[in-house]
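These are the residues of each chain, in order.
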Amino acid sequence: MTDSTQNPETVAQEQSAQSDIFDSTTARLNASLSKPQLNEDGHIRHFLGIEGLSREQLKAIIAKAESFFDANGQLINSPELEGCTVMNLFFEPSTRTRTTFEVAEKRLGANVLNIDIARSSTQKGESLRDTLWNLQAMTADIFVVRHSASGAAHFMATEVTPEIAIINGGDGWHAHPTQGMLDMLTIHREAPRPFEELTVAIIGDIKHSRVARSDIAALKILGVKEIRVIAPRTLLPKGIERYGVEVYENIDESVVDCDVLMGLRIQNERIGSPLMAASGEYFKKYGITPERVAKAKPDAIVMHPGPMNRGVEIASSVADGPQSVILKQVNNGIAIRMAVLSMAMQGQREYQALHGLL
Amino acid sequence: MLNLLPKDFTQPHIEPKKDHWLLPPLVDLCARLREPGLQQHGTLQSEGHAARANGFLHVVTPPDTNPILENGSLLKGLRERAKQDGGIYLHILGALTAELKGERPANVAGLKKGGCIAVTNAGRPFANDLVLLRTLEYAATFGLKVFFYPNEPSLSAGGVAHEGYIASFHGLQGIPWLAETVALSTQLLMVEETGIAAHFSQLTCKSSIGLMRWAKSQGLPVTCDVAMHQLHLTDDNLEGFNAQAYVIPPLRSNTDQKALIKGLKDGTIDAICSHHEPLNDTAKQAPFAESTPGISNFDTFMALACKLVRDDVLTPEELVEKICLAPARIAGIETQYKQIGGAILVDPNQQWQVTRDTMLSKGKNTPFLNHTLQGKVVETYFD
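So the protein lines, in turn, are chains U and F.
Read in order, the letters of the first sequence correspond to residues 15 to 372 in our numbering.
Read in order, the letters of the second sequence correspond to residues 10 to 392 in our numbering.
Any given hint could turn out to be false.
Within a straight-line C-alpha distance of at most 16 Å, the following computed EDC-like cross-link-like pairs (lysine to aspartate or glutamate) qualify [what the hints assert, rightly or not]:
1. U:LYS239 to U:GLU211
2. U:LYS78 to U:GLU54
3. U:LYS252 to F:ASP245
4. F:LYS225 to F:ASP275
5. F:LYS274 to F:GLU330
6. U:LYS309 to U:GLU267
7. F:LYS293 to U:ASP144
8. F:LYS274 to F:GLU327
9. U:LYS299 to U:GLU263
10. U:LYS49 to F:GLU248
11. F:LYS293 to U:GLU173
12. F:LYS110 to F:ASP28
Chain F residues, not near chain U, derived (Cβ > 10 Å throughout) [stated by the list, open to error]:
13. THR52
14. GLN54
15. ASN75
16. ASN80
17. ARG90
18. SER194
19. GLU330
20. GLN345
21. GLN383
FYI, nobody ran anything at the bench for these hints, they're computed from the structure.
Every residue, glycine too, gets a C-beta built ideally from N, C-alpha and C.
So that you can see chain U by itself, here it is in the shape it has in the complex:
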């Protein structure tokens, strides 16, 4: 295991910042999960999860992402990864995340390789470690990884290829930190008020959602006024009362006076499983409809991480309506991924310089 010993002062500061926001168990879990992703200066050298980062660190990511927009709000190219090789390792299918990562990598001038893992060596029984070591030997600098097992990105960063910047593109039900940060960038740019004054409603399958976990962590660190989660009991994780959120089972009560409504995707395999009745009932009880949006604040924004099931978790008229910022989320996703890729590469270079690895 790589020893990522940190400046004790930095650790102490981060832990005390965390314990103001989270209960003591959560603060401890956050710190231990976050430790491997930071270098000695507290800069990210992997991006594994939002848990454990400070408000300043999240704001630095948002600021970096905003620097990739020009005065007209158009994305710019910035060749910060020229000469670097980024490998996109998607052990699970993805369209949006993978494509926006690829766009971000190309805008940074990196050499991009998409490795189709589903059709490659892991199917032949090669272990994950052997696959990664082989790819490392092909001179990769950054791995962007999506994997169905929670903790896969942590495993790679701590036990397999610690000298390669690992960017978590989604691990199991655990975390989807670039989605969490692009949601924060979107709120920062589109929401009517600053984070401290916002009431945010997260509606849908919280239990199986890595997006919800990353969003909740980020919103708490950024200090929003209130986070409400709305779902039937079958779609709430055990211990939800310890997440520091308000739990609602009735959506009509919960959306009142909200500034941000975030829908979550209901995966097709959940519909008709013991977790929920038919999709029609779900839409009736938990769908984001124009009537429900009308109960939120008049300038509230509506978000969804995609891909959407129109008519299941969100009405088409809302998804395409004036309060929807769903397509802006996609665009912001490119800027956030550019920011995280660039910052992690920088943090990894600092780490390697300090340890004589360059």
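Position chain F against the provided structure of chain U, taking the given hints into account.
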């Protein structure tokens, strides 16, 4: 020196050592030695030696090896090899159902003839409750005891950790208490109906202790044990996706651990087993849920036992009951146990570091690796 040998044991001729304990040999109610079929993780020789040096002269092992232990004629050879290569007395649980598939009885009469001490389905599911009922009736016909590792598969499917905040936080799929208690309830009712003697191994939850208390108060012929690590670790130890703490049944909550300790003190829990499951390094070198569950427990067992005494959970006398005498009675090997005799000398204060080198088991898979523990078997007096 505290002499804890039962009166009918032959006393070894040794110089009394200050602050040491003299115990009868340990009897383990559940350890997997990985032979036959899984020698990459351990062998009768490697695990036998590890057991013996750590005080276990008698080891009970379940039949889920490869091939499955469902043929009486296999057992004798296995016992002989365990004695020859590993220096331990192996006591074998035969398969309750053919190929452990939970569909029809295995040749349990033949297994009994081959010397199995009891039968079990080794935690594998039964096709339905009727199969469970009939196979128990069949085994009871031949006077065999049954071992259960209660688990309702439809409730635990896909789960890798105790269903609670720690699992939710890490995005790991949970195993609810109900997976254990629903199965345990059914099995207790089947015991009541069939009258078969039953032992329940590796209980983990508070409600299970309540159910066992009820069963014992009804006079059912039941006993139960807990794995040593459950008394010292909780789901908190999964922190940071620690695959070394991945074990099935899973490490439970603090509340459960307190209930287990209470059950141990008041006698509801009869014994403590090792639930030793050695694994090679590769087995844990994967993301948490894709790694192999199991903890290598022989080497840390006595240190953790000593901690129970230091923490005033058990007196030294009660400890001997839970890790030597009660397991021998439950395994039905009391006469043999006394005849073979032997003794172990324990230094309850000796501090030592758990390292790959100090561990004798071939499996170095333990969350205690690199921890300093207190208490060790320093000498064995075996035949």
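Comparing the hints with the structure gives:
1. U:LYS239 to U:GLU211: Within the cut-off at roughly 5 Å; holds.
2. U:LYS78 to U:GLU54: Distance of about 20 Å is beyond 16 Å: violated.
3. U:LYS252 to F:ASP245: Cα-Cα ~15 Å, so holds.
4. F:LYS225 to F:ASP275: Answer holds: F:LYS225 to F:ASP275 is near 12 Å, not above 16 Å.
5. F:LYS274 to F:GLU330: 11 Å, holds
6. U:LYS309 to U:GLU267: Roughly 9 Å separates the two Cα atoms, so the pair holds.
7. F:LYS293 to U:ASP144: 14 Å, holds
8. F:LYS274 to F:GLU327: 9 Å, holds
9. U:LYS299 to U:GLU263: Holds: U:LYS299 and U:GLU263 sit about 9 Å apart, inside 16 Å.
10. U:LYS49 to F:GLU248: At roughly 12 Å apart (the allowed maximum being 16 Å), F:GLU248 and U:LYS49 satisfy the hint.
11. F:LYS293 to U:GLU173: 11 Å, holds
12. F:LYS110 to F:ASP28: Violated: F:LYS110 and F:ASP28 sit about 50 Å apart, past 16 Å.
13. THR52: 23 Å, holds
14. GLN54: Given that every Cβ of chain U is farther than 10 Å from that of F:GLN54, nearest at about 27 Å, it holds.
15. ASN75: About 19 Å separates F:ASN75 from the closest Cβ of chain U, which puts it past 10 Å; holds.
16. ASN80: Holds, since 31 Å exceeds 10 Å.
17. ARG90: 31 Å, holds
18. SER194: 21 Å, holds
19. GLU330: 36 Å, holds
20. GLN345: 44 Å, holds
21. GLN383: Holds, because the least Cβ-Cβ distance between F:GLN383 and chain U comes to about 25 Å, which exceeds 10 Å.
Violated hints, in rising order: 2 and 12; the structure is consistent with all others.
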